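**Student:** So the protein sequences, as listed, match chains A and B.
Take the first sequence: its position 302, counted from the start at 1, is 302 in the numbering used here, and no numbers get skipped.
Take the second sequence: its position 78, counted from the start at 1, is 78 in the numbering used here, and no numbers get skipped.
These are computed hints drawn from the structure, not numbers from a lab.
If you're wondering where the values come from, they're calculated on a predicted model, not measured in any experiment.
Even glycine gets a Cβ: it sits at the ideal position worked out from N, Cα and C.
Be careful, since some hints might not be right.
[What the hints assert, rightly or not] To give a feel for the contact side, a few chain B residues facing chain A, derived at Cβ under 10 Å: (1) E53; (2) A182; (3) L227; (4) G231.
[What the hints assert, rightly or not] To give a feel for the contact side, a few chain A residues facing chain B, derived at Cβ under 7 Å: (5) S108; (6) V135; (7) S138; (8) G198; (9) G210; (10) L249; (11) E260; (12) A378; (13) A382; (14) I385.
[As the list claims (entries may be wrong)] Pulled from the structure, derived: some chain A residues nowhere near chain B, Cβ distances all over 10 Å: (15) A49; (16) N223; (17) N283.
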Amino acid sequence: MTIKRALAATAAASLALALAACGGDSGDDGGSGGGETGGTDGTAAVDAATATSAEDFGGFEALVAAAEEEGELNVIALPENWANYGEIINLFEEKYDITVNSADPDVSSAEEIAAADNLRGQSTAPDVFDLGSAVALSSLDYFAPYQVQTWDDIPADYKESTGLWVYDYTGLMSIGYDSDAVPEPTSLDDLLGEDYRGKVAINGDPTQAGAAAAAVNLVALQNGGSADDIQPGIDWFEELNDLGNFLPLDPTPATIASGETPVVFDWSYNNLAEAKNNEGMRNWMVTILPGVAVGSYYNQAINADAPHPAAARLWQEHIYSDEVQNLYLAAGAYPVRLQAMVDAGTVDQAALDAVGATPEDLVQFTAEQTEAAAALLAEQWAAAIS
Amino acid sequence: MNHARGGWALLGLTPFAVYVILFLLIPTVLAAGSGFFTDDGAFTWNNMSGLFEPAILQTFVSSAWVAGFTAVVGAVVGALVCYALLGSRPDGMLRTVVDSASGVLAQFGGVMLAFAFIATIGIQGLITQWLLTSFGINIFEGGVWLYQVPGLLVVYLYFQIPLMVITFMPALEGLKPQWAEAVATLGGSRRVFWTRVAIPVLLPSFLGSTLLLFANGFSAFATAAALISQGAQIVPLQIRAALVSETVLGRQNMAGALALGMIVVMVVVMAGYSVLQRRTQRWQR
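Make the full structure from the sequences, and use the hints.
**Tutor:** Here's what the structure looks like:
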């Protein structure tokens, strides 16, 4: 360990030297090339890695110029069919002259941070993260603060005050089901019935995946538990498993298309995406159980050691633009600027109507509650479902 | 002269030794060593004591159970296959086919094997659907066991039995016909030959092969990872969980402790194997 740390320190030090050298060079270039545009001059003057707003670059145009000069952006853990990320990435490449390298779309939030560690100083390290709250809050050292132009639209509780992390979108925990295979579930009790034998899956292992943990949390809340006590949720899944209704298979677009996983607890935007993907092949319906709903915002953050610092910041501007916020909405996720966009009339009304207003009784687990719930799951989940 | 030959032998060994040190020894030491440190690099016993939490102990028990069950069943079935093969001609078609098929199937693990099972006896699998539509038999009546520990037992046997065939067959072939003749000459029955000669001679090899199967089942990861996505009931899956979890954080170094726990089990098993192997070889010269 000590050896590894020493090596890492050496690597970091030599990298810093190399970067300093590069910085010096580009600074000289900027200075000598008198005929260059104002935008490029701005680039030369500012250190993109420490810029905390577009103004630091000398305005949005200068940020775009700096980002395009880098020419690339590394994103990680963004599946194309997750909350419209496929289109969001395409739009970014279309609008700006920047290639997006999308690595490991299916890894967990924890693995995003691990990738930042393992690839530190390399050109393939992730520039930006999209993280679950638990991982985001415990990884603050990895982030660079940045405030987007639409910063003021985002409620104060939904962002770190300097912009280390900012909520981007949330879904609701929903149940997707194949209406040809099973009847519509209208309550949790329905799922314990004969019709659902061996058919009910959740998206991942709740001791590992945030979406799956949220499914257990929803069941707990609907079953007499609370955000401080998710035991009823674990007990319910134990009963589901004892009845033979629990399907211990990780659902993917492939298992849904093949019919292996006819009932899936997952975020609404994922289930809605499946409905769209399977159009004409499978009647994938999405329902949100009446009563308490569970949501959980994901967080955007910039890697403090981003190999493309300007592009990373431009990506943030992109994410919080009206266009992309509406793309989240079109996928069935509630974007963080929703209220401001409704007020300003810039929201995609058709998409909002299709998704429906945010439910009255929406519970978000706090970091402490998530941690306590995760600890309980770690202790009991394996036994509950075996 | 002797000395010089030793030098050349050492030189010949170097590529292998370097390979083993670089790709086996160092990674193992680094991984297992990480179990003694916190995320910040400070020394700690916490991960080691974490090994003795009931939930973790339970996964070691399950792992041992899965490995033990598939090893014993695999060894018995595999030995019976070997015994049956003994009746065929050594260079005959049957023996050659079973031999080479076993050689291939013993290495047929991981995602491919899991997929093969999902495609045949998964929920939408060929056989599952055929049984359901033709005979109304639902093999998943009581729950979808393929994706839980019982599923592992079935799938592991698929590579355990062939492994037993290739490791145990040489021992059976080493049973010299002269021994049976000697017993007969001295007035012993077939039964006496088996109980007094064959079984005592074969026992070390049989137990050694069983231990090898145990080690094989105990350390298998990819097959289990491809099949089981809920619960992390066995140790290799716990290691995965500790490394990738986004809900239970800060357990990366616990993975090192778990790995060390597995290494300890493997060292004990493999030490037993080599002792038995030495006894076996006495009869194979």
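**Student:** Hint by hint, which ones does this structure get wrong, listed from lowest number up?
**Tutor:** 2
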